[in-house]
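2 protein chains.
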Amino acid sequence: MNLTATESTHLDLLTPRGPADSADPCQTLLALGEEAMAQRQYERAYDLFSSAARFDAGAHRFRREINRAVRALVPRWHFGMMNDAERNQAYAKAIQQVVGEDHLVLDIGTGAGLLSLLAARSGASRVVTCEAVDVVASTAREIVKQNGYADVVTVVSSLSTDLRVGVDLPRRADVLVTEIFDCALLGEFVVPALAHARRELLTPDAVILPRSGRLFAQFVESPELHSLNHVGEVDGFDFRPFASLTSLEYFSTTLSNYRHRPLTEPVEIFRFDFAQDIEPTTHHMDITPRESGSAHAVVMWFELDLAEGVTLSNSPSDTGSHWKQAIQTLPEPWRLEKDSPLGFRAAHDGQRVLVGPAHAVPHTRVR
Amino acid sequence: MNLTATESTHLDLLTPRGPADSADPCQTLLALGEEAMAQRQYERAYDLFSSAARFDAGAHRFRREINRAVRALVPRWHFGMMNDAERNQAYAKAIQQVVGEDHLVLDIGTGAGLLSLLAARSGASRVVTCEAVDVVASTAREIVKQNGYADVVTVVSSLSTDLRVGVDLPRRADVLVTEIFDCALLGEFVVPALAHARRELLTPDAVILPRSGRLFAQFVESPELHSLNHVGEVDGFDFRPFASLTSLEYFSTTLSNYRHRPLTEPVEIFRFDFAQDIEPTTHHMDITPRESGSAHAVVMWFELDLAEGVTLSNSPSDTGSHWKQAIQTLPEPWRLEKDSPLGFRAAHDGQRVLVGPAHAVPHTRVR
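Protein chains in written order, with our numbering: chain A, 1259 to 1625; chain B, 1259 to 1625.
Everything labelled a hint here was simulated from the structure, so no lab data went into it.
Only true hints are included.
The list treats identical chains as interchangeable, and a pair is accepted whether it falls inside one copy or across any two copies.
Computed cross-link-like contacts, DMTMM-like style, restricted to lysine to aspartate or glutamate with a CA-CA straight-line distance of at most 25 Å:
id: 1; residue 1: K1582; residue 2: D1493
id: 2; residue 1: K1403; residue 2: D1392
id: 3; residue 1: K1582; residue 2: E1482
id: 4; residue 1: K1351; residue 2: D1576
id: 5; residue 1: K1582; residue 2: D1440
id: 6; residue 1: K1403; residue 2: D1496
Same shape as in the complex, but just chain A (with noise of 0.2 Å):
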């Protein structure tokens, strides 16, 4: 790699420009690309500035629109969950060990295309994939074909909701990858794509990878968490109104960066399988705390089913995981007594979880 042109290239992107002249299509171009920016229509953006710098005889002249317009369609977490050595390995041990020759296997969510790569090498006859970020899509095709499997595995520019059998894939598939799990599971609309799937896209006895997943839940005592989402008096102020800007569901952190002390052992809040419908669901649990006082937070974490023997999690005890732990803030602490058992309630509409007190939830239907 040409150091010297890659470094160039990058400082260049703030030189200085000349005054905008009206006359020139690329200004044209570059202010309807910062019209989409602004109205957040980013796909609309990238394309717009694309053209531009296709237009232009400077090839980089709008190469830092270009990327701003990439930064907001691609999250930086990409990064790390490429480079996450336990999730990929895992991924890789358990393709090999469901996708054999003559498999017909979709992967939903191509991302780089790992999933897609790994089925490929596994001997899969046809690997079709499909990933709703344009500008991801077609990295991840040159990434298949960089690596020699473009004539086995097909990305296709979509939400796996639009593939159609007949047109997007030759016949149903007998093995269904994915990796669209947020920190609590369901948040990338697992749930919605894996029914579809099933109901239009695979084959009855199709294997899906994963099998199956559980969510974990544990009370913890943690004014630092709890100040990253609540605010009260400020400078003798009263902030109290801003509680209307919380978030009511889980956001995801790095627990182990946040002082906390676990009140509760961990307990299995949900356990979902991938290869059964699964419907909006109300818990009712009881749990004995092991230590004694407030909760702020309740944190939450999956473990994954992968395949026979081969598991994948973001316990807070996973260091080595890109996921982070979705943490969801009690609005008021929860006073806990060890040893006294109370109970709580978890509930999910196939895409969100939230976890709160039981007594205060008289009104939840409990299935």
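Let chain A serve as the given structure and place chain B on it in line with the hints.
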């Protein structure tokens, strides 16, 4: 506060719903809101969901949708920021020093309203503040009212560059207070905001708080930081085409959460005087590494001079700060030798900052 009511509302969010009724106008508003969410029109989605909630008998029926729109509009860092005692106390001290009776104060970037409230408490006769996000502006209005300053502080829901003297401000302001600083100072458009304010909204001798800011940079060896933004080989596959999707500019993360080794002393790369025009600049600088190693990233942070004797920083050693550090990874690690001076360049275009090896940027215009 009624814990039961709060919690009940909270968990009700995930109570399973009946099937959609297309004759129900709330369902229409809900569907339009979902469409707006998918198009990243979060303000519109918020308004549509809120209309549905007002229209509906069960006031909390659409609270989960409203909260999703809120989460997209109000980044979580607002809470960390409001709870950042170091920041709050520094601004309180500086504002008390600068703002006096008869002052008309302009506060750019209201947030929850702290700076405006501090100015009012310090005796300002009038405070006008602007906030670009509607739902944050209306929350700030509530907070101002709740704290008894509604007759002093006016919250305008707009960008500062849309404010007009005679319309939003009774006259040019005597003092400008602002805290629209990201981890590398310029990322939240403070330069164009200040240029506009000095030209259109402030008296010629207006006090600007903060007075100035300095930006520091330090080269570090850290494969961990590099892996947040780069990928090479993964499980035997070549993933380098994904390099087109790396962030060329800095992103924000907490340095201390990653293994790293500083190779150079921190060096001041820019000093911004906020009472003067700030023009795009490229500096050439020399640096003498204190250690040999591979520089994977440049870490940047600021020090703000708020007023006489009051500073505020997000240096890696300020662990109380809610600001993280600005991390810019280098596309290729840069080999540094102890005690062997090397040149590098630092550039900014009034919003973004870039740092890199100087030998590789022969065409960058040096001012």
